[in-house]
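Asker: The lines below spell out each chain.
Number of protein chains: 2
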Amino acid sequence: MHIQLVLKTLGLVLLFEAAAMVPSLFISIFYQEAGTFSFLVGITAAGLAGCGLYLVPVKHKNVGYREGFAIATFSWLLLALFGAIPFAVAGAVPGYIDAVFETMSGFTTTGASVIPNVEILPKSILFWRSLTHWLGGMGIIVLTLALIPSLNIAGMQLFKAEVPGPTKSKVLPRIAQTSRQLYKVYVFITLIQVAALKLAGLSWFDSFIHTFGSVATGGFSNYNASVGHFQSLAVETIIIFFMVLSGINFALHYYWMRGDCRPLWQDYETRLFLTLILCSTAVISVNLFIVTGHSPAQAVREALFTVCSLITTTGYATADYDQWPALSKFILLFLMFVGGCAGSTGGGLKVGRLLILTKAFSRQLMRLIHPKAVIPVRIGQDVVAQEVVESAHVFFTLYMMLFALGTAVLAALGLDLVSAASAAAANLGNVGPGLGLVGPMFNYADLPDLGKMTLTFLMLVGRLEIYTVLLVFSVKFWR
Amino acid sequence: MHIQLVLKTLGLVLLFEAAAMVPSLFISIFYQEAGTFSFLVGITAAGLAGCGLYLVPVKHKNVGYREGFAIATFSWLLLALFGAIPFAVAGAVPGYIDAVFETMSGFTTTGASVIPNVEILPKSILFWRSLTHWLGGMGIIVLTLALIPSLNIAGMQLFKAEVPGPTKSKVLPRIAQTSRQLYKVYVFITLIQVAALKLAGLSWFDSFIHTFGSVATGGFSNYNASVGHFQSLAVETIIIFFMVLSGINFALHYYWMRGDCRPLWQDYETRLFLTLILCSTAVISVNLFIVTGHSPAQAVREALFTVCSLITTTGYATADYDQWPALSKFILLFLMFVGGCAGSTGGGLKVGRLLILTKAFSRQLMRLIHPKAVIPVRIGQDVVAQEVVESAHVFFTLYMMLFALGTAVLAALGLDLVSAASAAAANLGNVGPGLGLVGPMFNYADLPDLGKMTLTFLMLVGRLEIYTVLLVFSVKFWR
Ligand SMILES: [K+]
Ligand SMILES: [K+]
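Here the protein sequences line up with chains A and B, keeping their order.
Sequential numbering from 19 applies to the first sequence in our numbering.
Sequential numbering from 19 applies to the second sequence in our numbering.
Rather than coming from a laboratory, the hints here were simulated on the basis of the structure.
Please note that a few of the clues may not be correct.
Copies of the same chain are indistinguishable here, so a pair counts whether it falls within one copy or spans any two.
Said to hold, decoys possible - List of simulated lysine-lysine pairs, BS3-like, C-alpha gap at most 27 Å:
| id | residue 1 | residue 2 |
| --- | --- | --- |
| 1 | Lys-79 | Lys-216 |
| 2 | Lys-377 | Lys-79 |
| 3 | Lys-390 | Lys-141 |
| 4 | Lys-77 | Lys-141 |
| 5 | Lys-494 | Lys-26 |
| 6 | Lys-390 | Lys-494 |
| 7 | Lys-202 | Lys-216 |
| 8 | Lys-494 | Lys-377 |
| 9 | Lys-79 | Lys-26 |
| 10 | Lys-202 | Lys-494 |
Quick caveat: nothing in here was measured; it's all calculated off a predicted structure.
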């Protein structure tokens, strides 16, 4: 482990964060808001710490996977710890733990909030809050490129083709090149959505805030009623479209933007993702129509938005789905676990893993019928490597255990079972809002500090594909 | 697939069931109860169907694994369908679907009931109801011996040593020999518990009923208040002891009864099982003491009984744990998923699988640190075969998916999320009572028929280690 190299890279990350706070400082000055001082403190702290770390002398320049895991984990941690400063100094939240929760929620694109009334916050604070989403989404794309191949994660074949194995010398330039291409895709999609929302009648500020929330599948809004505030079918349609787009592997977007649509149409993960959206919307619409007496149009409108919001792990709301019938709530909870596609900005287990787990199950049955046959797991024509299958299995088990652990801690703190379980699922899956006391009409403000810290940890672990964080926290990693 | 052989064996099973109803018929005649006619109908129906099937001409005499899977699945199904006749004819339940639910619940040692007031039932019906537990527990022990080795189930090394691989010619006599030995253990434990409960002051009838419920980890009682009815520390202690005993691999009991205690002390699965019991009891006791103001003695007493009852998947109750704080309820729900040890009469995921999943996770982390190393999964000194690890993974995934599916159906029928989820978990894990509307003070009587049928299916699937049933229901199995 080249610790100096890790420290120097973290220095760069902090300098980058300091720079990222500058636009919010300008907004603060422009609108003559009270937040100016808080951003000055934030920029100074992140800048100084960043400089200090950046000056660490470095011998080696090759980043291996171990260094990569450490850099990823501590980057998100430091980004949250320093990014929280403006919230704490400006008094937007009661204390530093709340500020770290809110910032981690931003950078992990979770969108869970401890702020009951966001509409009274200064524009600069709101802008910084949503910008963390956008930066976090960008960060996940590099992380996916750089580290995921070593984690044997399903559905990453496209990335793997771009990034050739763990040959250290070649990884960095290829990653740098590929991430530049994907960043262009990300920025392009962002600009289109901002334009679309502006055309639909939103202010520039609202357009940016809700674009950051959509393309990063983050979910922070500057209105207490979330996207429901606009009461606009056009706005909802645009946001649905971009949430779904952001829930799909960005490498596929890269191809179709260059004119090659085949990778997108032929992708089994995307097909399953869209199928899940359609089926869930259909069942929930009928459930709402029959049980709660929604009109058909209203049922479909609310169901489609909520399904897209939760499966992509965005967490925007246009309806209080906590009041929906139990079947609908259960499907939504299930979708929170499913999550987006691998290589998207979405969280959760990922559709690709689910696909592999289903195939592995069929294979297991075939093996019992033909005990001596060697049967590979296939997706379409492609054979899925055994390590990828096993990695998906272990990931699923770990995910369920962390979910159980999180639920236990929250239940111990006095939450009822539905609130506790949905809070754990929503934060581990980087969704944001859950059900019950942490449903779409409520927030995480009233949780005890220990609960907030547990959820902050779950957001981090969930965002970094679990393995990354657990590795860094394991003793053997440092030997 | 030698279908004739399967049919002939099923005939034997039905003849055996007809014979098993005879004691209940005698009880009915002895007490001059109204149930006499219903048992005559049951015995005639099972006897005639059994004879018919038994007369099927058979060419081959070798039972392969495929035939085994079919025999197991259809045995439990037919046992429930014919065993339900006395309940239906005697009018103990409103209809045949209820009767099948109750009988399947018996033979799968689930113990979920649709009878709100069992205290008004004739003794003969109560005896038959509890005898199905005892027979089902016995059945599971053969099933484990005969089929489990081919399913690569964790913790079955001891059985594997007894049953050499899939060499057809040798399997049958060895299975027959080993099952005789294990049946002696089962009968011996049964007799000891009956004697112990009689000494503790119970009537012979009550002693038998609660012994059948304990050694089969079944949970049917002849009192509405379950074991809480006796208000006796002695009775609770005896039942705790025998529930825990029955949650441990019966092969280990066979060894210590022959004087060799080492296999028991050295068994990692048993150690983890006992550790889970102690830790859960400790946490729940403290939780009860602090939150609900139980006295320390009362807290430990209720916590220990409930923990043992739920982890062994027995489902007896001495307290209304549905009223306990959320943390305690969550731990109980978790224990329902864990279940007993492999080779016991307990259900659930099984402690051994959990152990393997934990080890597989550590292995995965080690692999990420040392990508080129070949690292086996070890339990103690023994290397766990890769197929066993993978089988455990697939089983866990399947179990969670069936749990989710069951919850969805029950939620669709209008149950709240906690009731729906705990009902699915309690029936898939063969526990019996859940939380909320299906908690220890309630029963399954008010569920719609579709809900009862879903749970009946979950009991069967859970009891037969999922694979068995799904295999038989898959098209490729029959080709
Ligand atoms: K989110
Ligand atoms: K049971």
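Asker: So, for every hint listed, does it hold in this structure?
Answerer: Each hint tested on the structure:
Taking the shortest alpha-carbon separations for Lys-79 and Lys-216, neither the intra-copy value of 45 Å nor the inter-copy value of 78 Å comes in at or below 27 Å. Taking the shortest alpha-carbon separations for Lys-377 and Lys-79, neither the intra-copy value of 41 Å nor the inter-copy value of 35 Å comes in at or below 27 Å. In this homomeric assembly, Lys-390 and Lys-141 never come within 27 Å of each other (Cα to Cα): the closest approach is 66 Å inside a single copy and 52 Å across copies. With identical chains, the CA atoms of Lys-77 and Lys-141 are never at most 27 Å apart, being 44 Å at best within one copy and 84 Å at best between copies.
In this assembly of identical chains, Lys-494 and Lys-26 lie within 27 Å of each other by CA distance solely inside one copy; the values are 23 Å within and 58 Å between copies. In this assembly of identical chains, the alpha carbons of Lys-390 and Lys-494 lie at most 27 Å apart only when taken from different copies (16 Å versus 38 Å within one copy). Taking the shortest alpha-carbon separations for Lys-202 and Lys-216, only the intra-copy value of 21 Å comes in at or below 27 Å, while the best inter-copy value is 79 Å. Taking the shortest Cα distances, Lys-494 and Lys-377 sit within 27 Å of each other only across copies (15 Å), while inside one copy they are farther apart (33 Å).
Within a single copy, Lys-79 and Lys-26 get their C-alpha atoms as close as 11 Å, which meets the 27 Å cut-off; across copies the closest is 73 Å, which misses it. For a Cα distance limit of 27 Å, the shortest separation of Lys-202 from Lys-494 qualifies neither inside one copy, at 38 Å, nor across copies, at 48 Å.
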